[in-house]
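Engineer: If you want the building blocks of each chain, they are given just below.
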Amino acid sequence: DAKTTQPNSMESNEEEPVHLPCNHSTISGTDYIHWYRQLPSQGPEYVIHGLTSNVNNRMASLAIAEDRKSSTLILHRATLRDAAVYYCILFTSGTYKYIFGTGTRLKVLA
Amino acid sequence: DTGVSQDPRHKITKRGQNVTFRCDPISEHNRLYWYRQTLGQGPEFLTYFQNEAQLEKSRLLSDRFSAERPKGSFSTLEIQRTEQGDSAMYLCASSPPPGLQDLRDTQYFGPGTRLTVL
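Going down the list, the sequences are from chains G and C. The opening residue of the first sequence carries number -7 in this note's numbering; numbering runs sequentially from there. The opening residue of the second sequence carries number 8 in this note's numbering; numbering runs sequentially from there.
Be careful, since some hints might not be right.
What the hints assert, rightly or not - Just a sample of chain C residues kept apart from chain G, beta carbon distances all over 12 Å, derived:
(1) G23
(2) N25
(3) V26
(4) R29
(5) G49
(6) P50
(7) E51
(8) Y55
(9) E63
(10) S65
(11) R71
(12) S80
(13) F81
(14) Q87
(15) D112
(16) L125
Said to hold, decoys possible - Pair by pair, the computed Cβ-Cβ distance ranges are:
(17) A57/G <-> N25/C: 47 to 57 Å
(18) N5/G <-> Q57/C: 25 to 35 Å
(19) G10/C <-> I66/G: 22 to 32 Å
Don't read these hints as lab results, they were simulated from the structure. Owing to the predicted nature of the structure, the values given are computational and were not obtained by experimental measurement. All C-beta atoms in this analysis are idealised placements derived from N, C-alpha and C, irrespective of residue type, glycine included.
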């Protein structure tokens, strides 16, 4: 199964941009890159996903390296409500399960 | 759209007892998943249903675990003869059928059921 590597934790100041990195050197051509976040005592919440091109939505942006071996989730202006564990997941279309790592715990400082 | 719901949210039981959890997916979602999450770890896949058919089961799902989705709508996860190692958060997720929307592979998670086995 494809694996991802993320830093265990990161800190950011409120109102500043946050760049959360993810390495996935074993990614295959059909793997999508999904990002979820999990707030305390809640289930994971979808953030964004992409295949090859950079993606933007109301929550975040996803920057995918040209060789697809890494990606970066960008929160443009961190708020206290963005404090969560962020998971980067490779999803192979046609399979059924997400394989979560331990994610990056983001702490946002007021 | 009320999202994925799970019941109960918390369950405390004694070792050896049986417990059953319920998951109600988003109404038009035909795919349903169960995951287990222990403290400090990411969720681990347990099993997957497409409509009423259980298509994949993880090795984590021992003989004491059984999941059903009898009419392709809600699902139940039963744990028999609970052990202290079963203490975890049990998460349910659902996703829409392929082609319904661009987010067809996106899974929508419920709030989870936290199980504590004493």
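Engineer: Sort out which numbered hints this structure fails and list those numbers smallest first.
Structural biologist: 5, 6, 7, 8, 9, 10, 15, 18
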